[in-house]
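Colleague: Sequence:
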Amino acid sequence: MAAALTVDWEQVADEWRVRKNDTLRGALLLYLSPADLDLLEEMLRISASGAVNEDEARRRMGHLFTVVAEQPHGALLLTLYTYSLCLETWELSTGYARITVVLDALAEEAPVVSGSEAGDALLRAAVALAEAQEPSMATENAFNCSCPVTAQQEGAAVLDRVRPVLDVLGRREPGDPELRPVADLLTQDARVLAAYFDCVQRAAAVVEAWIGGADDIDERLSQAEEAIRYAEQGVLRNDVYGTEARSHRLALEALHRQLGRRRIHVEDATVTYCYPFSLPRMSPGLAVELAGSLGGRSFGGVQVEQVDDLKLTDVWRSNDERGRSHGGVRLVLAPLRVTTLAGQVVQYDVEMRISRLGNHYLRMETRLLDADIHVVNQTLRRASMLMGEEHIDSAGLRWTKCGDYADRVIRECAVALTALADGRGSDEGPTAQYGAQLVVDVERFFTVLLSARSIVLVAPDGGRVRATGSDLPDATGYSLLSSPLRPAAVALEEWVMYDFKEPENLFAGIGFCEDLGIRTSNTTVLYMPNAPSWVHLGYEEMAEFVAALPPLFAGLESRLVDLSERLDKEVPDLRQRLHQLPGPDLTPLYERQFEVHHLEAESERLVALLKSPRLCQSSSHRQFLDAVMDRAVVRGMESDLHRQLAVLSHQHDRLTRVVDAVVSSRRREEQHSREERERQDALDRQREEEARRVQQGRLNVLLAFVGVTALAELFGWLDNSFGVRTRWGWAPWAELAVIGLGIVLIVVLSRASWQRSHPGKAEHASDRPA
3 MAAALTVDWE QVADEWRVRK NDTLRGALLL YLSPADLDLL EEMLRISASG AVNEDEARRR
63 MGHLFTVVAE QPHGALLLTL YTYSLCLETW ELSTGYARIT VVLDALAEEA PVVSGSEAGD
123 ALLRAAVALA EAQEPSMATE NAFNCSCPVT AQQEGAAVLD RVRPVLDVLG RREPGDPELR
183 PVADLLTQDA RVLAAYFDCV QRAAAVVEAW IGGADDIDER LSQAEEAIRY AEQGVLRNDV
243 YGTEARSHRL ALEALHRQLG RRRIHVEDAT VTYCYPFSLP RMSPGLAVEL AGSLGGRSFG
303 GVQVEQVDDL KLTDVWRSND ERGRSHGGVR LVLAPLRVTT LAGQVVQYDV EMRISRLGNH
363 YLRMETRLLD ADIHVVNQTL RRASMLMGEE HIDSAGLRWT KCGDYADRVI RECAVALTAL
423 ADGRGSDEGP TAQYGAQLVV DVERFFTVLL SARSIVLVAP DGGRVRATGS DLPDATGYSL
483 LSSPLRPAAV ALEEWVMYDF KEPENLFAGI GFCEDLGIRT SNTTVLYMPN APSWVHLGYE
543 EMAEFVAALP PLFAGLESRL VDLSERLDKE VPDLRQRLHQ LPGPDLTPLY ERQFEVHHLE
603 AESERLVALL KSPRLCQSSS HRQFLDAVMD RAVVRGMESD LHRQLAVLSH QHDRLTRVVD
663 AVVSSRRREE QHSREERERQ DALDRQREEE ARRVQQGRLN VLLAFVGVTA LAELFGWLDN
723 SFGVRTRWGW APWAELAVIG LGIVLIVVLS RASWQRSHPG KAEHASDRPA
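Here the sequence shown is numbered in the numbering used here, starting from 3 and rising by one per residue.
Everything labelled a hint here was simulated from the structure, so no lab data went into it.
All C-beta atoms in this analysis are idealised placements derived from N, C-alpha and C, irrespective of residue type, glycine included.
Among the clues, some could well be false.
Cβ-Cβ distance ranges computed for the label pairs, FRET-style [to be verified]:
(1) Asp186 x Gly638: 51 to 57 angstroms
(2) Arg47 x Cys515: 55 to 61 angstroms
(3) Tyr232 x Arg47: 35 to 41 angstroms
(4) Tyr232 x Arg165: 15 to 21 angstroms
(5) Asp162 x Arg231: 24 to 30 angstroms
(6) Val20 x Lys503: 29 to 35 angstroms
(7) Glu93 x Asp316: 50 to 56 angstroms
(8) Ala50 x Gly215: 45 to 51 angstroms
(9) Asp218 x Met499: 22 to 28 angstroms
Each computed SDA-like pair below joins lysine to any residue, with the alpha-carbon atoms no more than 20 angstroms apart [stated by the list, open to error]:
(10) Lys22 x Val151
(11) Lys313 x Trp536
(12) Lys22 x Trp92
(13) Lys313 x Ser620
(14) Lys613 x Asp642
(15) Lys503 x Pro475
(16) Lys313 x Glu367
(17) Lys313 x Gln619
(18) Lys22 x Leu41
(19) Lys22 x Glu246
(20) Lys22 x Gly97
(21) Lys571 x Ser620
Work the whole structure out from these sequences, hints included.
Modeller: Pasting the structure below:
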């Protein structure tokens, strides 16, 4: 076969065991263009958004099989690559939906006949093994649901698909020797699947027996551990399934070591899931006001059945001079029903709490009565997005995870509140201008609160004794209560392998001697066996209050980052336009300064309030609240907020310097313009004065000339009329003297007029030596 001749099948087998497929991909590129191959790979890309359309997946697979149809065993090569790509994607992600759609399309579009009888048999075997991946993933889903019953059922479904393939491959030799490596690859894969899921069957069966308290559990654990160890060292050696089998064995060994210990059994407790969120662009007061009008609305189809004020204990009685205190409204939603994989039904009461301080959250609560540690594990894990898929419904609507339900309802609630705010044209100043509309991340921010009223310890012989807080660390199940919820499970009851580390008791110094309080990154456990229910309520409220804080800090940080990025863009631009005429508009600068001051003040007020002794009724409540905050890394969030504030403060300093520079520049420009105008005005006045003087000089010369002329005419008339020159001999000389004096006056006035009109030349002329 042309394809086989170009494929290094030993390399393919090595890569297959570690969920790689580079060699297969290179071989397939001889038949398909990169663009065609991307049609397949894009559907399994983890980073891709949105769901894969089933019809589109079939269309693409059909197209690819059509392209390779004319190539020798092209359909077989394409099937092997698609199967291996699905395995690789599964190794990287628990996003089963995309993989399932591609596997279904492969099964439907793969040709029944592709050219040779031997090739067709291998093609059918490859498709059958690929189809076995769906129950394989369902088995893993059962691990994440901590359900040994379903793990056995789905594991059996895998074996039911694999064993016929092994029979066919074992009975039949491929006629074409070039297909022998392909048959070996598929045979090895089928053997690995059979061996691994046999291990799963054994592990799940013995875990189920342990949960049920089987008398022969010691022997059954030993047998399962030995069988799994044998598979690890044999068929599963060097395969990724070998590492998974080892995890099951180690979990069984951990259970085995604890057989002599007493088990934790919760007689009475409430379990609360907190899914917090914040609305950075909406003031908490407005959110509370608007939420009060949401009665009768629905969030994604989930009905708001009741709206009333949030009823809290005296813990929050505050004497804050500004009236700041914890409180708000609650929106009671339709109950949520969860049907486990084993068929048990668990009901949750659900309500949305809108807080006057901005730490809003969706709250889901259920009660545990007579629950063993297996049920406690399931109930705690259910809050996480990495819990396996179950059947969840509310008012006829369906989900597969509580986190998906919470995310949908929170987002719909935020949309409703935002629409109400927009409809009334609310203007809240800077808080409405920047930052995220909604901060929610159900996996990152969720917290589970287990508040136990009664816990007993069950001895190996079945005897029960009431537990104190100091008894729990030595009991089986304490590692679950003292550890955060982990990502996807590697084995059933994997909590038995958690690292044991004695956490700080939240009640140290403030509770009864038998009280125990534990806070991890995403769980809080409260056990106060000596306290009545009303005491539990106050501490539960404080734990929930802290659980709802992270998005509030994240929302403030969102606004800080948004404003910081705006400053990064605007300040350099303003610097460039600083010297342009007309100068830049300072209004945006002043607005940014106001926003910085506003946000800095708001952040500092929040931190101060959270640290204030007036937030709680008493100092012991304040001490407990501080302890929970410290363990919940709230102090770290405060530090992050202060660091971001420091960055913003630095940018604010830069902004202030730019404003000062712009203002100083404008002042200098205005001063320069004013001085220039004054100088120009002085010059204009000087020119006008000089022009007036020149005009006056010229007028004086003219008058002198007229006067001399008039004197001459006068003398002529006197002489003609009275014979003055004849009568007085000196008269002509007198006439000449008067006329000469007039001429001299004309010359003097002319020179003076010239000097006024040419002052610089006149000065130079006066400096010239005589």
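Colleague: None of the hints should be skipped; say for each whether it holds.
Modeller: Hints, verified against the model:
At roughly 54 angstroms, the beta carbons of Asp186 and Gly638 sit within the given window of 51 to 57 angstroms. Against the hinted window of 55 to 61 angstroms, the Cβ-Cβ separation of Arg47 and Cys515 comes to about 56 angstroms, which satisfies the hint. Range check, Tyr232 to Arg47: Cβ separation about 38 angstroms, and the 35 to 41 angstroms hint holds. Between Tyr232 and Arg165, the C-beta spacing of about 19 angstroms keeps the proposed range 15 to 21 angstroms intact.
With their beta carbons about 25 angstroms apart, Asp162 and Arg231 fall inside the hinted range of 24 to 30 angstroms. Separated by about 33 angstroms at the C-beta atoms, Val20 and Lys503 satisfy the suggested range of 29 to 35 angstroms. Checked against the hint of 50 to 56 angstroms, the C-beta distance between Glu93 and Asp316 comes to roughly 53 angstroms, which is consistent with it. The hint said 45 to 51 angstroms for the Cβ distance between Ala50 and Gly215, and at roughly 47 angstroms that hint holds.
Checked against the hint of 22 to 28 angstroms, the pair Asp218 and Met499 passes, with Cβ atoms roughly 23 angstroms apart. Taken as a hint, the Lys22 and Val151 pair is broken in the structure, with Cα atoms around 32 angstroms apart against an allowance of 20 angstroms. In summary, the hint linking Lys313 to Trp536 is supported, as the alpha carbons are separated by about 13 angstroms, within the 20 angstroms threshold. A distance of roughly 12 angstroms separates the Cα atoms of Lys22 and Trp92; the hinted pair therefore holds under the 20 angstroms criterion.
Our distance criterion of 20 angstroms between C-alpha atoms is met by Lys313 and Ser620, whose separation comes to about 19 angstroms. The hinted pair formed by Lys613 and Asp642 meets the criterion: a straight-line CA distance of about 16 angstroms does not exceed 20 angstroms. Between Lys503 and Pro475, the direct Cα distance comes to roughly 10 angstroms. Compliance with the 20 angstroms bound is thereby established for this hinted pair. Straight-line distance between C-alpha atoms of Lys313 and Glu367 comes to about 16 angstroms, which keeps the hinted pair within the 20 angstroms bound.
The straight-line distance between the Cα atoms of Lys313 and Gln619 is roughly 16 angstroms, inside the 20 angstroms bound, and the hint therefore holds. The straight-line distance between the Cα atoms of Lys22 and Leu41 is roughly 19 angstroms, inside the 20 angstroms bound, and the hint therefore holds. Straight-line distance between C-alpha atoms of Lys22 and Glu246 comes to about 17 angstroms, which keeps the hinted pair within the 20 angstroms bound. Note on Lys22 and Gly97: the hinted pairing holds, with a Cα-Cα distance of about 18 angstroms set against a maximum of 20 angstroms.
The hinted pair formed by Lys571 and Ser620 fails the criterion: a straight-line CA distance of about 47 angstroms is larger than 20 angstroms.
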